[in-house]
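Asks: Full structure from sequences and hints, please.
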Amino acid sequence: LKSLCDEGIVYFSLISNRWKWIISAVESKSIANNVAEFMVTKMHKFSQSLQFALKLAAILGSQCASSVLKIWNISDEPMNIFRCLDIIVDNGLMDKIGTTYKFS
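Numbering-wise, the working numbering comes out as the position in the sequence shown, counting from 1, plus 80.
What the hints contain is simulated information worked out from the structure, not anything from laboratory work.
Careful, some of the hints might be misleading.
In silico DSS-like cross-links for lysine-lysine, where the CA-CA straight-line distance does not exceed 30 Å [said to hold, decoys possible]: (1) K122 to K150; (2) K182 to K150; (3) K125 to K82; (4) K109 to K135; (5) K125 to K135; (6) K109 to K82.
Pairwise CB distance ranges (calculated) [what the hints assert, rightly or not]: (7) R98 to L140: 41 to 49 Å; (8) S96 to G141: 43 to 51 Å; (9) V148 to S104: 45 to 53 Å; (10) I177 to R98: 31 to 39 Å; (11) V169 to T121: 13 to 21 Å; (12) S184 to C85: 15 to 23 Å; (13) S93 to F162: 34 to 42 Å; (14) S108 to D175: 27 to 35 Å; (15) A145 to I95: 47 to 55 Å; (16) M119 to S96: 27 to 35 Å; (17) G172 to L94: 23 to 31 Å.
Here a beta-carbon is modelled for each residue, glycine too, at the ideal position from N, C-alpha and C.
Replies: Right, dumping it as C-alpha cells:
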C-alpha cells in the first residue's frame, strides 16, 4: 500500500476526506504475490550504492555495528555507506538502534 501511495496511485483526498485511487493504474500494476517478491522488486529500484550497502549489511549478518561498517566507508564514493543505510532505514528495510543497523 505504501508503494502505491508513493507512486500516487492511491492517495488520501482532503476534500472528500477519504482514500481514492486511480483504478486504471491499479489494474495495470503488477502486484507481487508474496512479500519476498515485493521486497526484491523494491530493492531493484534502489541505486547501485544502496544495493551495495544492502549486500554489505547482509554479508555481515542480521545486524551490523557502525564500527564494523567504517571499514567499508570509502570517502570518494558519491554516497557513503552510512548515508545509504540511513536511506534504507527510511525505506523500512532496516532499523537503526543506536549505532547498530538491523534488518527489519
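Asks: In this structure, is the beta-carbon distance linking A145 and I95 contained in 47 to 55 Å?
Replies: At 48 Å between Cβs, range holds.
Asks: Could you check the hint for me, namely that R98 and L140 are 41 to 49 Å apart, CB to CB?
Replies: With Cβ atoms ~44 Å apart, the hint holds.
Asks: Given the hint of 13 to 21 Å, check if V169 and T121 actually sit that far apart at their C-beta atoms.
Replies: Given range 13 to 21 Å: holds, Cβ gap about 19 Å.
Asks: Does the hinted range 27 to 35 Å hold for M119 and S96 at CB?
Replies: 33 Å, holds
Asks: With 43 to 51 Å as the target window, see if S96 and G141 comply at their CB atoms.
Replies: 47 Å, holds
Asks: Could you check the hint for me, namely that S93 and F162 are 34 to 42 Å apart, CB to CB?
Replies: 38 Å, holds
Asks: Just to be careful, I want the Cα atoms of K109 and K82 compared with a cutoff of 30 Å; is the pair within it?
Replies: Holds - the C-alpha atoms of K82 and K109 are around 14 Å apart, at most 30 Å.
Asks: When you take the CB atoms of S184 and C85, is the distance between them in 15 to 23 Å?
Replies: Because 18 Å falls inside the window, the suggested range holds.
Asks: Quick one: are S108 and D175 within 27 to 35 Å, going by C-beta?
Replies: 33 Å, holds
Asks: For a C-alpha distance cap of 30 Å, please report whether K109 and K135 respect it.
Replies: The given pair, whose Cα atoms are some 28 Å apart, holds under the 30 Å limit.
Asks: Can you confirm whether the C-alpha distance between K122 and K150 stays at or below 30 Å?
Replies: 26 Å, holds
Asks: Return holds or violated for the Cβ distance of I177 and R98 against the range 31 to 39 Å.
Replies: Check passed, 36 Å falls within 31 to 39 Å.
Of the hints listed earlier, there is not a single one the structure fails to meet.
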